[in-house]
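Chemist: Let's have the full structure, built from the sequences with the hints guiding it.
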Amino acid sequence: MARRSKVVADFDAAVAGIPDGSTIAIGGFAMPGVPFNLVAALLRQGAKRLTCIANTTGGAHKPRMPDIGMLVENGQVAKVICSFTAGTRASDVLPFTPYYERGEVEAEIVPQGTLAERLRAAGAGIPAFYTPTAVGTELAEGRETRMINGREVLLEYALPVDVAFIRAYQADEAGNLRFRRSQRNFNPLMAMAAKLVIAEVEEPILPAGAIDPDDVHTPGILVQRLVKIPPPPEGLWPVKREAR
Amino acid sequence: MARRSKVVADFDAAVAGIPDGSTIAIGGFAMPGVPFNLVAALLRQGAKRLTCIANTTGGAHKPRMPDIGMLVENGQVAKVICSFTAGTRASDVLPFTPYYERGEVEAEIVPQGTLAERLRAAGAGIPAFYTPTAVGTELAEGRETRMINGREVLLEYALPVDVAFIRAYQADEAGNLRFRRSQRNFNPLMAMAAKLVIAEVEEPILPAGAIDPDDVHTPGILVQRLVKIPPPPEGLWPVKREAR
Amino acid sequence: MPWSRPQMAERLAREFQDGWIVNLGVGMPTLIADVPFGDREITYHSENGVIGYGPVAAPGQEDLQLVNASGQNVTLLPGAAIVHHADSFALIRGGRMDVTVMGAYEAAANGDFANWKVKGAKGGGIGGAMDLAASAKRVYLMLEHRTRDGTPRLMARCSLPITARGVVTLVVTELGLFAPTGEAFAVRDLAPGVTLDEVRAATACPVTE
Amino acid sequence: MPWSRPQMAERLAREFQDGWIVNLGVGMPTLIADVPFGDREITYHSENGVIGYGPVAAPGQEDLQLVNASGQNVTLLPGAAIVHHADSFALIRGGRMDVTVMGAYEAAANGDFANWKVKGAKGGGIGGAMDLAASAKRVYLMLEHRTRDGTPRLMARCSLPITARGVVTLVVTELGLFAPTGEAFAVRDLAPGVTLDEVRAATACPVTE
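Chains as they are written, first to last, in my numbering: chain L, 1101 to 1344; chain A, 1101 to 1344; chain W, 3 to 211; chain X, 3 to 211.
Bear in mind the hints are in silico, worked out from the structure with no lab data behind them. Take the hints with a grain of salt, since some may be wrong.
Simulated DEER-style distance windows between Cβ atoms [to be verified]: (1) W:A60 with A:D1315: 38 to 48 Å; (2) A:D1112 with L:L1306: 42 to 52 Å; (3) A:G1242 with X:K139: 22 to 32 Å; (4) A:M1247 with L:G1175: 33 to 43 Å; (5) W:E211 with L:A1178: 49 to 59 Å; (6) L:L1306 with W:T77: 21 to 31 Å.
When the alpha-carbon atoms are kept at most 30 Å apart in a straight line, the in silico DSSO-like pairs for lysine-lysine are as follows [stated by the list, open to error]: (7) A:K1295 with W:K139; (8) A:K1295 with A:K1179; (9) L:K1179 with L:K1295; (10) L:K1295 with X:K139; (11) L:K1179 with L:K1162; (12) A:K1148 with A:K1162; (13) A:K1162 with X:K121; (14) X:K124 with A:K1179; (15) W:K124 with L:K1179; (16) A:K1179 with X:K139; (17) W:K124 with L:K1162; (18) X:K124 with A:K1148; (19) A:K1148 with A:K1295; (20) L:K1148 with W:K124; (21) W:K121 with L:K1162; (22) A:K1328 with A:K1295; (23) W:K121 with L:K1179.
Note that the structure is a prediction, hence the values are computed from the model and not measured. Every residue, glycine too, gets a C-beta built ideally from N, C-alpha and C.
Modeler: Pasting the structure below:
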C-alpha cells in the first residue's frame, strides 16, 4: 500500500471548495476540541446558505472565539442544529439570537445525546433509531413514538453531514487521529457522519505508523485533509474563559 | 473518591453466583479476545438453561479451546445467539450442530454487524434501530420493515445481557480496560450491554490511574470483576491454530 | 434560617450512596463537587465524556483541554477515563447514572420539571438535560423555592415546557428537601428554623409532612 | 485454459481503483491480499476491526492477538488502526467499503447471491456477509463456475436462501469475469482460450458478450 499524505498547506487550502448549501458539523464542547482555525477560514472562504451542526452557536463567553454566531453575522448560515439555541442562563443573549428571532436563520434544537447519536447513526448506516429522550416534551409533539418493552420511545433519524471540522491533538499522515482529554467530545462522531473530514491538529503531523493502532481514536480512512495549527498568534488555541 | 479494587482471587470466584437462566455474552473473534478461562470456570460452576451470545459456538478449529460448544455438551445451554450456527465451510460439523439438529438447543442466527449493533444498542439505551442488513433474506421474513430515504430497512431490537465474559490485555483496579490488536472485537460492546461484566486480564492488574484516561478502551464503571490470567499451563492463552 | 447554596448541596449529597455514578448539571449542582464524601466512593460523570473527574483546577493549573459539562477546568482522579459524546450518552441512556442533579425553573408534584425554555423565548438550552432526565435512575433538582418576584417554583403542574415527565425524585431548595408524591410535595427535611407553614406559603401546591 | 485461483484473484484485483477500501471474505478472496498493487493505494478492512492490514505473518512471526476475518495471523501496515466490532460495522454499513469480495455458492443474473446456507441445513454461517452485501459500494464474487458434480453456480435466480438482493457487481470464475445484467451475465473478460460457448454450456442462464 503506497501511502499518500493527507496534509494540506494551510487553513485556506483545508476549506477550499466547500460549496454553498453544505451541511457542516463543527466539533468541540465549551473550549476543548473546537476547530477555531477552520471556522475562521470558512469566514474568509465565504460559502453561503450553510446548515451548521454543533453543540452551541457560541458567543456566550469571553474571550469570544470563532463560532457559528460569527458565520451567522457574516450572512453564511441558513440553519443551525444545536442542543442550545439559547444560553445556559436565561439572561444570556447569544450573538445568534437576534438573527433567529428575526427569522433570518432557522434553528433545530436537539437534545445533546440525541444529537450525538444521530451523528453516529449517520456514520454507522443506521437510518433511524428509537430513544426515550424527549418523550412527553414539546420536542416530541406530532412525532412518531411507539411502546417498546412497556416504555414510550421516540423515532429519531440519522443526521448526515457533508463536511466535518475537527480539532485533534495528534495525527499521522494516514489521517489517524488522537484527541486529548475532553477535546474528544463530538469530534469522532462528526468524522463518522461526514463525507469530507477536515482536521486541524495541534501537534506536528506524524509519519504513518507513528501512532500505535490500538491508540487511534478516529481511523484515518474517515479523514481527508489535515492541517497543522501554527503557534499563536497565527494559529488559534484554547484560552481560559473569563469569569462572569 | 475512595477507590476499591475490583480484583477477585481466581476464575471460580469470578463466575460465582451466576444463576441458571442467565444470558451470557462471550467476547472474542477467532482466537484473540476469547475469555477461555472464564468459560472453563463456567463449565465447573455449572449454571444451566443459559442463553449464550458470541460470534460462533466454536469448535471448528484445532486445538479446541473452551467454547460454547463445550457448555452445550455439558448440558448448560438452552439457546445460542451467533452469526455462525454452522462452520464457514459447508463440510464443517461443529460440536454444537448435533444438539441443534436434535432440537436440544435453540439457535438464533444474527448477521455479525447486527449482532454488534444490537449489543451496543442495549448498552446505549437504544431499544431498537433500523438497518439495511438482511432485508430481502429469509431472516427478514415476517418481520417489520419500512422505507427510509427510499431504502427498505429492517427493525432490530437491542440485545441486553446479564453477564459479559471479557478478555482484556490490561486493566487497572478501577476496571478500566485496554485491548491489544484484534482482541478488542466484541468485548467493549458486550461490556456495554451487560449488567455484570467479568474480565480476565493478561497483564498484571495496574493501580487505578496507571492507564492514561485517553487510552482507556472500556471505562471502568462498566466492569465489576477482574481476574489476572496466570501463566500457562494454569492459565489459558491463545495458541496458533493448526492448518487444515 | 434557610440553607445557603453550599448547605443545599451538602444536604442533597447526603442522599448519595456508596458506589454511585453521579452527573452534575450546570450552575448550582456544581457546588456538590466540593462536598467531601468520606468513605463513600462517588464517581462524577460529565456529558462530554469525562468519567471520574475531581475538583476544579487551582488557578494557573488549568488544563485547557479538560472541562466538565459546565465548562469548568476540572482535574482527573486516578481511574478516570475519557470517551466520546456518543459513548458518554450511551452511559446515560443505558441507565448507568445513579443520579443526575440539575437546576430547574419549575418542579411539579407530578414529577415533571422544566429547565430548558423560559416563557416567550424562541430558543432554548437543552444540552444533556432531556437525556439525563429520561434515563438516570434518580433525578434530583436544586433550585430556589421562589423566583425573584416571589412566584413559587414548586407547583402542581409545570407552566413552562417540561424537560421530562414524572421523573423527579427529590428537590432541594433553601427551605428544605422535598419529594413529589403526585399531588403534593412531601417534606423530607427542613432547613433549621423553617416551618411547614413557611414552606406552604412559598409553594403553589399542597405540602405534606 | 481456465484461470487458476491466483489468476482469478489477480484478474479481479485489476478492477480495484486507487484509494479503495477493500474487505476480503473468507476463503478464495484472501488470495487477493497477495496481489501487488504497484502505485494503487489499497487499504484492507476486516470485520473484526482491523483497518490497514498487510500480508499474512511469516511462520514463527505470528501475533496471536491479531487476525483478519478469516482467522489468519496477518501483519499491520503503517497507518493501521484498530476499532471494535460496532465501529467496524459502522464503517461497513456507513458505506465506506469501496468493494467487498466474497465467496459464494450461487450468483444470479438479477444480482442476488447466496453464500450462507446450504440445502437442507438447519444452521448457517452468515458472519459479516449480509452487512457487507447490503452496504458495500460494490460486491464482487469469486467462485467456481460449477459445483463438483457439474451444476452451474451462475443462474437466473438463486435456489438457495440469498444473502442480499440485487447487489452483485462482478463475478469472477475460472472461466472469466462477468457482470449480472438482470436476465443474463455479460462477459467482461474470458480466461485465455475459453470460448463463449464453453461459458454458456456451464451457465444456467443467458450469457451475453
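Chemist: Hints first: check each against the structure and report whether it holds.
Modeler: Now the hints, each set against the structure:
{"no.": "1", "hint": "W:A60 with A:D1315: 38 to 48 Å", "in the structure": "25 Å, violated"}
{"no.": "2", "hint": "A:D1112 with L:L1306: 42 to 52 Å", "in the structure": "46 Å, holds"}
{"no.": "3", "hint": "A:G1242 with X:K139: 22 to 32 Å", "in the structure": "30 Å, holds"}
{"no.": "4", "hint": "A:M1247 with L:G1175: 33 to 43 Å", "in the structure": "37 Å, holds"}
{"no.": "5", "hint": "W:E211 with L:A1178: 49 to 59 Å", "in the structure": "56 Å, holds"}
{"no.": "6", "hint": "L:L1306 with W:T77: 21 to 31 Å", "in the structure": "28 Å, holds"}
{"no.": "7", "hint": "A:K1295 with W:K139", "in the structure": "14 Å, holds"}
{"no.": "8", "hint": "A:K1295 with A:K1179", "in the structure": "19 Å, holds"}
{"no.": "9", "hint": "L:K1179 with L:K1295", "in the structure": "19 Å, holds"}
{"no.": "10", "hint": "L:K1295 with X:K139", "in the structure": "14 Å, holds"}
{"no.": "11", "hint": "L:K1179 with L:K1162", "in the structure": "24 Å, holds"}
{"no.": "12", "hint": "A:K1148 with A:K1162", "in the structure": "27 Å, holds"}
{"no.": "13", "hint": "A:K1162 with X:K121", "in the structure": "27 Å, holds"}
{"no.": "14", "hint": "X:K124 with A:K1179", "in the structure": "14 Å, holds"}
{"no.": "15", "hint": "W:K124 with L:K1179", "in the structure": "14 Å, holds"}
{"no.": "16", "hint": "A:K1179 with X:K139", "in the structure": "35 Å, violated"}
{"no.": "17", "hint": "W:K124 with L:K1162", "in the structure": "24 Å, holds"}
{"no.": "18", "hint": "X:K124 with A:K1148", "in the structure": "24 Å, holds"}
{"no.": "19", "hint": "A:K1148 with A:K1295", "in the structure": "19 Å, holds"}
{"no.": "20", "hint": "L:K1148 with W:K124", "in the structure": "24 Å, holds"}
{"no.": "21", "hint": "W:K121 with L:K1162", "in the structure": "27 Å, holds"}
{"no.": "22", "hint": "A:K1328 with A:K1295", "in the structure": "21 Å, holds"}
{"no.": "23", "hint": "W:K121 with L:K1179", "in the structure": "23 Å, holds"}
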